[in-house]
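Start from the sequences and build out the full structure, keeping to the hints where you can.
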Amino acid sequence: MGKYGWTLPVAASSYAGKIDFGIWLIHAAMLGIFVLWGAFFIYLLVKFRARPGHNAVREDHDDTPAHISVPDSISKFPFAQMLYKNKGELKSLIPDMVIMTFEVALIVFYAIPVWSSIKSSVPDTKDPVRVEVVAEQFGWSVHYAGPDGKLGPRKMELTHFSNPIGLDLAHPDSADDVVMGNEMRLPVDKTVLIDLLSKDVIHSFFIPEFRLKQDAVPGLSIPMWVTPNKTGKYEITCAQLCGFAHSLMRGDVFVMTQAEYDAWYQSRLATKPASAQPTNPAEAF
Amino acid sequence: MSQTYNPTAFMNNADTHSGVTNAKLGVWLFLASEIMLFATLFTSYIVLRMASSSWPWGWDVLNVPLATLNTVILITSSVTIVMAYAKAYDKDKAGFQKWMAATILLSLGFLVVKAFEYGAEFKLGIGPHTSVFYAIYFTMTGLHGIHILGGIAVNAGLLYMSSVTEHWENPLFLGRVEGAGLYWHFVDIVWIFLFPALYLL
Amino acid sequence: MAHDNHGHHELSFTERYVFSVDHKVIGLQYLITSFLFLLVGFALMGLMRWQLAFPGSPIPFFGHLFPADLAPNGVMSGEFYNSLGAMHGTIMVFLGVVPLAVGAYGNYVLPLQIGAPDMAFPRMNMMSYWTYLPGGLLMLSSFLMPGGAAQSGWTSYPPLSIINPGQTVWLLSMVILITSSLLGAINFLVTTINMRAPGMSLWRMPVFCWAQFVTSVLLLLAFPPLEAASVLQLMDRVFHTSFYLPKDLVILGKAYAGSGGGQPLLWQHLFWFLAHPEVYVLVLPPMGIVAEIIANNTRKPLHGYKTMVFSMIAIGVMSFMVWAHHMFISGMSASLSNFFLVTTMIISVPSVALMTCLVFSLKGGSIRFNVPMLFALAFIPLFAIGGLTGLPLGLTVTDIYLHDTYYVIGHFHFVVVSGSIIALMGGTYYWFPKWYGRKMNDKLGLIHFWGSVITMCGIFGPMLFMGLGGASRRLYDPTAQLHNLPVQGWNVVATYSAYLLALFQIPFIYNFFNSMWRGEKTPENPWQATTLEWACPSPPPHGNFEKTPTVYRGPYEYSVPGRKTDFWMQTDKN
Amino acid sequence: MSKNNDSRHDEHRPDVGLYVKVFLALMVLTLITVAISKIHLPRPQAIALGLFVALIKASLVGALFMHLWGENKLIHKALFITVGFGAVLILPIIDFVMVSRRITSPADVAAQHPGGHGGHAEAVSESVKLDAPAVPAKGH
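Going down the list, the sequences are from chains D, V, B and Z. Under the working numbering, the letters of the first sequence match residues 1 to 285, in that order. Under the working numbering, the letters of the second sequence match residues 1 to 201, in that order. Under the working numbering, the letters of the third sequence match residues 1 to 574, in that order. Under the working numbering, the letters of the fourth sequence match residues 1 to 140, in that order.
It is worth saying that the hints were derived from the structure and are not from the lab. Hints should not be assumed to be uniformly reliable.
Stated by the list, open to error - Here are the simulated EDC-like pairs of lysine to aspartate or glutamate, each with C-alpha atoms no more than 20 Å apart in a straight line:
{"id": "1", "chain 1": "D", "residue 1": "Lys150", "chain 2": "D", "residue 2": "Asp173"}
{"id": "2", "chain 1": "B", "residue 1": "Lys247", "chain 2": "D", "residue 2": "Asp168"}
{"id": "3", "chain 1": "Z", "residue 1": "Lys38", "chain 2": "V", "residue 2": "Asp60"}
{"id": "4", "chain 1": "V", "residue 1": "Lys91", "chain 2": "Z", "residue 2": "Asp15"}
{"id": "5", "chain 1": "D", "residue 1": "Lys230", "chain 2": "D", "residue 2": "Asp127"}
{"id": "6", "chain 1": "Z", "residue 1": "Lys77", "chain 2": "V", "residue 2": "Asp60"}
{"id": "7", "chain 1": "B", "residue 1": "Lys547", "chain 2": "B", "residue 2": "Glu524"}
{"id": "8", "chain 1": "B", "residue 1": "Lys247", "chain 2": "D", "residue 2": "Glu157"}
{"id": "9", "chain 1": "V", "residue 1": "Lys93", "chain 2": "Z", "residue 2": "Asp15"}
{"id": "10", "chain 1": "B", "residue 1": "Lys363", "chain 2": "D", "residue 2": "Glu59"}
{"id": "11", "chain 1": "B", "residue 1": "Lys254", "chain 2": "D", "residue 2": "Glu157"}
{"id": "12", "chain 1": "D", "residue 1": "Lys155", "chain 2": "B", "residue 2": "Asp248"}
{"id": "13", "chain 1": "B", "residue 1": "Lys254", "chain 2": "D", "residue 2": "Asp168"}
{"id": "14", "chain 1": "V", "residue 1": "Lys98", "chain 2": "Z", "residue 2": "Asp15"}
{"id": "15", "chain 1": "D", "residue 1": "Lys233", "chain 2": "D", "residue 2": "Asp168"}
{"id": "16", "chain 1": "B", "residue 1": "Lys306", "chain 2": "D", "residue 2": "Glu59"}
Below you can see the structure in the form of structure tokens.
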């Protein structure tokens, strides 16, 4: 099936593997739990089906627990009386304990550390690619900070069909900035720091191959990062309903070698006067 | 029992499992849901206030003296309705009607003062759309005003019922007055928090 | 008033069937209405499914019936698709399953099971139905309004919901529906607390009553926040406030005129503060029904009655603290996500305990495989799939990938459709003899059962695979995105399964109405059950019990050694 | 179920003298809040004091006018449950506090780590916490 198939698409970022590990681990566990329970369930259905000569048998704890005498040795502990008298019933908590242990392990050793490494911190890199992604109905504008690592300021009143993010082109920080519509080119094995913004409604920036997803909320600038580690062409999609053309809101990601990337960036920069009018995502439709 | 089955008989009956009449329990549960409603509005208020870069001070943008007057009116009406309850408890019909009428007049007074306040703001071209502060101010006081209207309707209904002998002598009547009172005090409590939150702080 | 003579004069047709104050009539009104709304929601889904499987091809048969702005040349437009999606969710959740689980079953069965002659506030009960119906019709009528129905999903996230047409009617009818639910919840709580028959202590209540009790608490306390949030959104739409709108919005190239200063995420918090407890409102009553049916058909007490009850209470409490696991990637604080991750893990503990109890209850029984029991048994594995697939969604890290994909849709529908709705249908087969004194046909029931279960798996199973493939939900044209192309085949499978599922509901509908008049007559207690609803005539008269019943024991005293019969009713003294 | 038709034992015996005292107390407290707000206290103190007085007023009304003092335990329980669930609504507020203190731009991250050291792209241990309240949020 190539890159995409019936299961997870190709993993193309540094943390994609960590996320995939979780997905596969949980699905294996789910399958195990389901098969075990399913087998037990079917066994019960067959063994205890109603048939002539077979009668239901009550469990021991179905009789009044008042008659169960609690051993002296444990009767002094808090709740011991209640727990001991209901010990037959409490059997049902055993599978619970197993599943809970699994979940606690998953949270402590997997979810919390990996989550904080992906979402609440940025790797400390020397020379990151700085990008600002601005979502709108129905397209993405990708704003590169360029070699100076500084994003040119945006001004709402400059927003125009020819300048969808309202970039202040007169500002010195904007001199080496490039704005692309629905297209993102990244060098491989290099951390990209992305600020995610939205001009109108809530969108969600989703690159399945990077296992990267984040809602773009108007009024917030949400930081995120990714380190692509496989060259190729991938897809940006919008994962949050954003209007009638939501399904058409997509873009391409090209991960290329550093040399290719530099060449491309220079070519964009060289043609910038002509393309000071960046590709307009809205015109795509 | 099926012959003389009477659906309202149970509301009368304090000999329930809990020892609280159905009517009173119902009113309290209704108030519980109202608590959640206003708690949500206050949460929204706090969130919007914290997220905004500046928040106006009530004395600068709203009419605090009128609001203080309204606070006094509403607290007084809370006392008059509890007096009406006391009179109903003593089976003093004239007294009940007097205090209940006072309550209704006071609550109408509250709405009139409120109308003056709103009117002055609208005249200046200020409305809910002006800023987040005015939005939350109009929404919260507006919802509170709707609650006042509901209270007036209930109280007026009770005032009318007290003039009909059949209702006045109904053992349920005192419970109804108490329920109306509970609701009215709740509306008062909401205002006790709204007043400083919007006007003073 | 004190000596009102309701029972003495003949009730007119309107008093008896339309504006009835009898909880049984109201329950059946709810039942029929909510089943109709389920059908409507299902029909909307059928249209969407066509577009998903065959994007861009005209809808067969019905395509040209729609106005040209909704479906030009019979091909659904993007706006129309979004309306269908939003209304499908809203109708199914707020007009279908909740009224069915709480309004219909709760209303009819709860007072009977606790031995009450009626609800605590019969007139309020009637008002509750008569606010629900207009609210629902208003919601439906939004299709006919200029601008069409709501288009922002059932979650109505602003700012989209504020700039889209159609949302005002949605918000208005939500406020009405919430009011109806609140009236119902107060009524249920007071009834359960105050109106139990002598001897019916809380610990002798059937699990179903506990489920309704916990559900009512959830409804009472979780709905008002949504009501407040809806009012704020209504203000945003009607009075142009900016509760949910930040500064400097530029919508399709035009600056939005508004003061700004609002918070889009505030709506999400308030919405999910309701909507997560709402999920448990959808699940707990059906679970109660399953417990009733399983206890009855295994002919032995439930394993762990107390564990189940405590689990339900724990679920009820915890359900208020897990809502933001719907918001892990919404831009919410990443550290707070860890808090909700932990609470989500905690809530899975009582849920697993409940399921374990249901399975363990089979052990040692003498299992009768009648139609209601089949539905109850099918609930267990299907709901388990729904529950298990919740695991990777509740875990922050894996949710990054799976959030807003078809995996979520598959998970949710396994829980609600092949969980709740299957159980609720089982409830219909189980209590039908009580409602009409007649039994539903078994053969048709079997066709309905097997058809529904298999086709449901055919709809929702593929969604899980599509989700793993990265297919986003709410896409008008899934083929517009490259990574969806390989999984598009699953959409076709799901669509045909959905149409088959529709076909398999025909025997159910026929069976229901046919059995109402021509079904096999049944005695008072056809299932040899122990709970109180079977101790009164079928159908019960106004006032329910001939004389107030006295309760002597717990709800599930089956197969008590040394007794002639294998069931010992709660009302039997010896 | 109907052995007792007298509903009175459930209602509270009114105490008119007490009501008048509460009324006077409420009036005094109202004047106090208005007076407090007129002297320009710093905002946090003003808010704390204002809410404290409002809380006293609300408790007076609740306890004595609504007869919560000496009310049936069931109603106390119902209210405690409600207040407990209402308290959960603090979580959205906490979220907004944390979001507003989040470093909103990787530029701020760069500002914190001038020059950059160590080239380990994935070294989580050396990473910068995005939720740390180190840099004031950029106004949005």
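A quick look at each hint next to the structure:
no.: 1; hint: D:Lys150 <-> D:Asp173; in the structure: 6 Å, holds
no.: 2; hint: B:Lys247 <-> D:Asp168; in the structure: 19 Å, holds
no.: 3; hint: Z:Lys38 <-> V:Asp60; in the structure: 11 Å, holds
no.: 4; hint: V:Lys91 <-> Z:Asp15; in the structure: 15 Å, holds
no.: 5; hint: D:Lys230 <-> D:Asp127; in the structure: 19 Å, holds
no.: 6; hint: Z:Lys77 <-> V:Asp60; in the structure: 42 Å, violated
no.: 7; hint: B:Lys547 <-> B:Glu524; in the structure: 16 Å, holds
no.: 8; hint: B:Lys247 <-> D:Glu157; in the structure: 12 Å, holds
no.: 9; hint: V:Lys93 <-> Z:Asp15; in the structure: 18 Å, holds
no.: 10; hint: B:Lys363 <-> D:Glu59; in the structure: 9 Å, holds
no.: 11; hint: B:Lys254 <-> D:Glu157; in the structure: 10 Å, holds
no.: 12; hint: D:Lys155 <-> B:Asp248; in the structure: 10 Å, holds
no.: 13; hint: B:Lys254 <-> D:Asp168; in the structure: 18 Å, holds
no.: 14; hint: V:Lys98 <-> Z:Asp15; in the structure: 18 Å, holds
no.: 15; hint: D:Lys233 <-> D:Asp168; in the structure: 31 Å, violated
no.: 16; hint: B:Lys306 <-> D:Glu59; in the structure: 14 Å, holds
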